[in-house]
Amino acid sequence: MNYIKNKIASATGVVSSLLVNNAYANKYNLPEPADPVVQQIFDLHMMTSLIATIIMVIVTLIVVYSLIVHRKDKGYVPDQNFHKSWFGRWAWLLVPIFVLGVDFAIAKSAHHTLDTIFDEHAEADMTVKITGSQWKWSYEYLDSGVKFTSNLNKDLTPEDEFYLRDVDKPLVLPVNTKVRLLHTTTDVLHDWWVPAIAFKVDAIPGYITETRTEILREGTYRGQCAENCGTGHAFMPIVVKAVSKEKFAEWRDQQVAAAAAAAAEASSDKEWTMEEMMAKGEEAFNKTCAACHQVTGEGVPGVFKALKGSAKATGDVKVHIQTVLNGVAGTAMAAWKDQFNDLEIAAIITYERNAWGNNTGDVVQPKDVAAER
Amino acid sequence: MSTDVAHEEHHHGPPKGIGRWLFSTNHKDIGTMYLTFALTMLFVGGASAMYIRAELFMPGIQFMEPDFYNNMVTNHALIMVFAVVMPAAAGLANWMIPMMIGAPDMALPRLNNLSFWLLPAAAVMLILSTIVPFMPGTGTAVNTGWTLYPPLSIQAGMGMDFVIFTVHILGVSSILASINIVVTILNMRAPGMTLFKMPMFCWAWLFTGLLLIIIAPVLAGGVTMLLFDRHFGTSFFDAAGGGDPVLFQHLFWFFGHPEVYVLLLPSIGVIAMIIPTFSRKPLFGYKSLVGGMAVLFTLGLVAWAHHQYTVGMAAGPTTWFMIITILISIPVGLMLLNFMMTMWRGAMTFETPMLFAVSIVLMFSFAGVTGIMLAVVPADLEYHDSMFVVAHFHYALIPGALLGLFAAAFYWLPKWTGNMYDERLGKIFFWWNVIAFNLTFFPQHFYGLAGMPRRIVDYNPAFADLNMLSSIAAFAYGISHLLFLYIVIKTVKGGVKAGNKPWEGAQVGTTGLEWDLSSPPPFHSYATPPVVK
Ligand code: HEM
Ligand SMILES: [Cu+2]
Ligand SMILES: [Cu+2]
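Protein chains in written order, with this note's numbering: chain A, 1 to 373; chain B, 1 to 533.
Next comes chain A alone, as it looks inside the complex (with noise of 0.2 Å):
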């Protein structure tokens, strides 16, 4: 007995190992988790694999001995009063009874898991702000305004590994750091996934949704949009980079440093040059504004207008600046004067005005987008 015991635990290891435990684990079962409710949720999710299992055995071994054994060639004698047997009779109730108390079982184990989710007194240590917007994340931390947008790595082809799953900026977060998610969108909806270290809602304009993580490993977590949300879907990759809170907090005094410097330099009163202008504008039009425009300010005819020679990009400076700080309400073009500072701004549109043989040779201040706004 007990041999047979052993046996089967160590069979169950194997198989549970070659789910769980080793490179498998990822390519053919959930992630495993790096969070303690995914944790749970990854057992509810094996325990209910196993139920199901059990069930599938045991339906087709039913169904298989009858397909053997109750055939007409092997000279079977149908049993027309089957159904009218005990079993017959009853079934209907027996076998309700029986699923119930499955059903039971899974809804009873899901009962604790599912409080911890709905817990709305849960805390948190810091708070992180996720705006989907077609077709990128914005992150904010709310504790210390320090914010961003992670964008596509556009440079990897399909056979690089991470090929769809690798951003310019990651997410970074502390372990062993109780945060919690915000999520919204500006336009459809999207959904934040990343599956080993919080589970998903989704992010619905209108709506603040919430999830929390406590990543528990240091290390490189990734996901994608789950949602449907158009065009480029595919393409908004999430990757967040987990590090120690020591290492994080260097990390987040680092991009306020920076956020404040570029701040400064935006209001400063230096006169930018023409080639200073022209190449930070080129950096950021290309990152944000060619996902539509396309890189030779083309666009795309009938759906994203052409900034090369257009009458806009090259005609009155103001309205041009207008445009791109306020956006054009009822179409893809958003408002960007919260997204980028004067300086930014004021590089863009240098550069929209001179590249692609636009030469109007006007050289964009950040006062003058300042006076604009």
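No lab work stands behind these hints, which were simulated from the structure alone. Since this is a predicted model, take the numbers as computed values, not measurements. Some hints here could point you the wrong way.
To be verified - Derived coverage of chain A by chain B (criterion: at least 3 residues anywhere in the stretch with Cβ under 8 Å from a Cβ of chain B; other residues may be distant): (1) 205 to 214; (2) 367 to 373.
Stated by the list, open to error - Simulated DEER-style distance windows between Cβ atoms: (3) TRP86(A) to ILE214(B): 48 to 58 Å; (4) GLY233(B) to LYS247(A): 47 to 57 Å; (5) GLY137(B) to LEU142(A): 23 to 33 Å.
Cβ atoms here follow ideal geometry from the backbone N, Cα and C, with glycine treated the same way.
Please arrange chain B with the ligands on chain A, whose structure you already have, making use of the hints.
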């Protein structure tokens, strides 16, 4: 029924020429048209599926714009659900229900004509929705998936308006067809054919028809509100105007979850006929199957938001929808047990319809157990919108609906045409179809768990090998349907004569009257009602 003079004239044969079909009020001719339409659309919907699988064959964009890709996903789903499974099930109802209950025809023959002829109009609309975005200035293609969630569906171009009208026309068609079938079942039964003597297929359609009458108007209302948001400045679903994008999801799934049972129940009815026939013993638990369907009907109407666990509902409603969804396993379990116990101690033979029925019992059980996994809220917060869900509902929809329709075709083709189909080809089709189906969809569970979302045109190489397997198997699966087409054409053209009762075990258990008629049956099924003892 009808006192129409013209009708009396050709009482003994069908009218000649195209008029026979255009103006038909005959349940068998309309049934044939429904089935032909469904089979044609199966190839259209299948072609878009092949396109999707070709794109997903390997990482990198092969040949599709992302929006066109998701347009194919949308069309595929809408076609399969509304233009294949539902019309085919309606075709079976048209053909079989009057013959089973001893009626001369459907209760409302002219309505029957209208409800069919709306379908080709809807199909044209749907195809236009794909073509229109290629014209300049019409905006993006319908890239939302069949769920049509706003705000994305508000952003989409003119194609969306065509989809909305498609849904309207389809809704009218299914409501009319459902009214007709329900009225026929309730009013046209031969003397002595009490409700509890009816073949199970009639019960299944009674519940299906009632469900559709309840849910179709809700979807129509939902998409109409979408249309108003798009063009007339309302903001039902626009948060900026005080509306709520999640409201649409509730309207959609109030329709969408019961719709799953609309697709499933007719096929459950079919296999409840086939399994007793080829087990040569009565259906186990006739009354409990009817009861199970009634419970499924009721629970199915109040389980919808299990598709929306991730919209941030409060704990109360989330728990409600989880419990109701888990409870659905009870009637489903009961149905499957009844089928298994019908086979138990029977004397089985394995003609093609029976092969399909047995495989459905096994594969639909599998959809049931992954359904339970999905119903558990915390776990669904990981599974949701991944390929795992896609795998689940294809196991539910293909065995649960489509394969049941194939089984029905093999089971009743001899009755319809008077000719036996080619059994050897039928068996080849079965094995080819079912093996390829499993190779296509089983791996999707795993790359779904590993993190591949649904509705994406391109993916990370970690998911590559299983996707390639899925794609290769999918092509084999797709091609197998050409064999089905060939078998059907061959059977229609000729073959061994079938006789009134082609199956030894037909009529075991339930007292359907279809086997008393000749094969093929006379143009007007039962001119004088038979009496059931
Ligand atoms: C045992 C019975 C079943 C249960 C407990 C169940 C449960 C579920 C749940 C919870 C989901 C939502 C998953 C998600 O989006 O996160 C789902 C999705 C789905 N199920 Fe089922 N299901 C069952 C049977 C069926 C059947 C019989 C069909 C079809 C004939 C079906 C078709 C679908 C479809 C089409 C979806 C995907 C909807 C979408 O997101 O587009 N299910 N099911
Ligand atoms: Cu997305
Ligand atoms: Cu549902």
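Structure-based check of all given hints:
1. 205 to 214: Our answer is that it holds, as 5 residues pass the Cβ test (under 8 Å) against chain B, meeting three.
2. 367 to 373: violated (count 0)
3. TRP86(A) to ILE214(B): 48 to 58 Å: 38 Å, violated
4. GLY233(B) to LYS247(A): 47 to 57 Å: With Cβ atoms ~52 Å apart, the hint holds.
5. GLY137(B) to LEU142(A): 23 to 33 Å: For GLY137(B) and LEU142(A) the Cβ distance comes to about 43 Å; the hint is violated.
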